[in-house]
Amino acid sequence: MTKIEEVKVIEIKKSIFADNNKDADALRGELKDRGVFLLNLMSSPGSGKTTTLIRTINLLKDRLRIAVMEADIDSDVDAVKIKEGTGVESIQLHTGGMCHLDAEMTRQGLDNLAPGAADLVILENVGNLVCPAEFDTGAVKNAMILSVPEGHDKPLKYPLMFSVCDLVLINKIDVMPYFDFDLDKCREYVHMRNPKASVIPICARTGEGVEAFAQWLLQEVEHWKN
Amino acid sequence: MHELGIVFYIIKDVKTAALEHDVQHVNAVVMNIGEVSTIVPDYLTDCWRWAVTKEPLLEGSELLINIIPAVTHCDACGREYETVRYGKKCPHCGSDQTWLLKGNEVEIKEIQV
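Chains as they are written, first to last, in the numbering used here: chain L, 1 to 226; chain C, 1001 to 1113.
Isolated chain L, as found in the complex (with noise of 0.2 Å):
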C-alpha cells in the first residue's frame, strides 16, 4: 500500500505589491499632514536625471526648501553631486542590490533627513524602467526621465512606466537632430498609457526648457499644501 502524504494547504491569494501599497498610502497620508511634498524621480541609467536635478534645484532653491535622495545600488558619487552642484541636503540611500526603493525604504530614508527642513523632497530612484514602477514609493507624484538617444518608442516598450508617471521629462533635445527621435510620436505613445501625463522636453546640459520643470514643481508642491 502506498503511503499518501498528507498535505495541508493554506489558501493566501493575496498581492504580494499588497503591504507596499498599504505602507505607501500610509506614507503620502503623513507627508500631507506635514506639508512635504515628495516626488519619485525615475529613469534609465544615464539619462541625466542627476544633472536635470542639479539644475532645477539652483532655479527653485531660493523659493523652495529642497533636499534630495539618492538610491543607488552602492556608491555616493550622485550624492555628493547634487551636495557639490546646489548646496542643498543630499543623502545616499543603499537598496542592498534591489533594482528599486519601497515604501519602507523610502520612509527611513525621510527619517534620514533633518526633520522639517524641506517642502520638496525629491527621490532619485534606481535608474531603470521596470522595477521602480511596480512599487509605491508614497510620493504625491511620479516623474520619469527619458533621454533622446533612448528613442522615441520608450512608452510602447515599457508600459508599466509610463502609466504610472504624472509628468514625462524629454530630455537631451539638443542632440535630435542626430538621432532618429520623433517627440511628436513620443508624446502620443506616452499619452496613449496614460492621457493624464505632462510632456515637458527640457535640455539639462543647455538648461532649456527647466524653468518650465520647475514652474510645474512650484504648482505641485503649492498645491499639495493647502
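Be aware that a few hints might be false.
Partial list, computed: chain L residues near chain C (C-beta under 8 Å) [stated by the list, open to error]:
hint	residue
1	7
2	11
3	13
4	15
5	16
6	54
7	100
8	129
9	130
30 Å max Cα-Cα, derived DSBU-like pairs, lysine-lysine [stated by the list, open to error]:
hint	chain 1	residue 1	chain 2	residue 2
10	C	1088	L	14
11	C	1015	L	14
12	C	1109	L	13
For the record, the hints were derived by calculation from the structure and aren't laboratory data. Glycine included, C-beta positions come from ideal geometry on N, C-alpha and C.
Assemble the complex: chain L is given as a structure, and chain C must be docked to it using the hints.
For chain C alone, kept in the frame of chain L given last:
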C-alpha cells in the same frame, strides 16, 4: 535582480502566514503569476532556491508557479481577446480603447505545509 526583490516580499508574506497558522515548516509556495506581470518565472524560481537556503522555515521548499493568461477587454465592442497575441489594439474592431482584464497578477495563491 527584480525577481530577487519579489522573492524577498514573498518570503516576508509567507513568514507572516506561517506564524498566523502556527506552521513549523513550509514544503511549497504556490504563486499566481500573470503572463504580462513582467516576472520571468525561471528567474523567480532560481532566486527562490538561493534565498530559501537562508530561511529555516522554508529550507528545501519549492516555488510552484501558475501562469495566469493575460486577457484584454475592449470598451468599444465589449469583447475580450488574448493580450499577448494582439497587444493594445482590439483584433475584433480595431479600437485601442482597451484595458487589461487579467494577467498582471503577482500573488501568493497558497502555501503547502
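Consistency of the hints with the structure:
no.	hint	result
1	7	holds (5 Å)
2	11	holds (5 Å)
3	13	holds (6 Å)
4	15	holds (5 Å)
5	16	holds (4 Å)
6	54	violated (28 Å)
7	100	holds (6 Å)
8	129	violated (10 Å)
9	130	holds (6 Å)
10	1088(C) x 14(L)	holds (27 Å)
11	1015(C) x 14(L)	holds (13 Å)
12	1109(C) x 13(L)	holds (4 Å)
Violation of the numbered hints given earlier is confined to hints 6 and 8; the remaining hints are satisfied by the structure.
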